[in-house]
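Engineer: In order, the protein sequences belong to chains A and B.
Numbered by the numbering used here, the letters in the first sequence go through residues 140 to 277 in order.
Numbered by the numbering used here, the letters in the second sequence go through residues 1000 to 1080 in order.
Accuracy of the hints is not assured; some may be wrong.
To be verified - Residues from chain A shown here face chain B by an in silico Cβ test under 8 Å; the list is partial:
| # | residue |
| --- | --- |
| 1 | Gly172 |
| 2 | Phe244 |
| 3 | Pro259 |
To be clear, the hints were calculated from the coordinates, so they are not data collected in a lab.
Heads up, the beta-carbon is just placed ideally off N, CA and C, and yes, glycines get one too.
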Amino acid sequence: MIRILVQADPIDVEEHLKDLGTREDGALVSFIGRARSRSRDKTVTHLEYEIYESMAEKELRRIAELVSARWPVTDILIVHRYGRVEIGESSILIAVSSAHRDEAFQSARYIIDTVKKTVPIWKREFYDDGSMWVSERS
Amino acid sequence: MKIRVKAFAAVREILGYREREMELRDGSSVGDVFGILSISFEELGEMKDSLIFAVNEEYCDEERVLDNNDILAILPPVSGG
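Just need the whole structure built from these sequences, with the hints factored in.
Structural biologist: Structure follows, in structure tokens:
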């Protein structure tokens, strides 16, 4: 099962994880990306994510489908926030269940790395003295 | 023909809009639209190497020829996660 969600509301991690996987799955790997308080030697007050919603959902689904074709995994969940995200809150939740741990770990890693490269979502960091759009390259 | 241009994040701030209709000559490409916009928005032209384009929610390059009613999105480098 593939489940893709983009939302402005905070992510309820426990609620999402409890429904994932089957009795045949021995592994459930989750990755949570959180808004951190330091970046570029500055204090970050909060983040704002802008999203091309319809295309982002499509890209996230495409990534999940690729993963499910490449590794024997059962469930894939990707939840991404948009709008304002406070420090310490989760901006993304990725979870993959599978019979064995290797494919769950590899899939989760592949998903977060690919999300950062291809999904049309933009992060703006806010500091005490201003704000800027950030990218992996900057 | 008419297309819609969508702009996000830094590109949206430069253009000053999220979405706008644009009248084009038939056979215009993504690169043609970008060229037109770069004349009015020099800052956009300077960002060219880092920008990505999508037509109807599929990534494409600037050679892509546009059709009537296409939606062209101009995207700065993504930074989700």
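Engineer: Does A:Gly172 meet its interface restraint, that is, does its C-beta lie within less than 8 Å of any C-beta in chain B?
Structural biologist: Nearest chain B Cβ about 5 Å off; hint holds.
Engineer: Holds or violated: is there a CB of chain B closer than 8 Å to the CB of A:Phe244?
Structural biologist: violated, 17 Å
Engineer: Hint A:Pro259 vs chain B: min CB-CB distance below 8 Å?
Structural biologist: holds, 6 Å
Consistency with the previously given hints fails for number 2 only.
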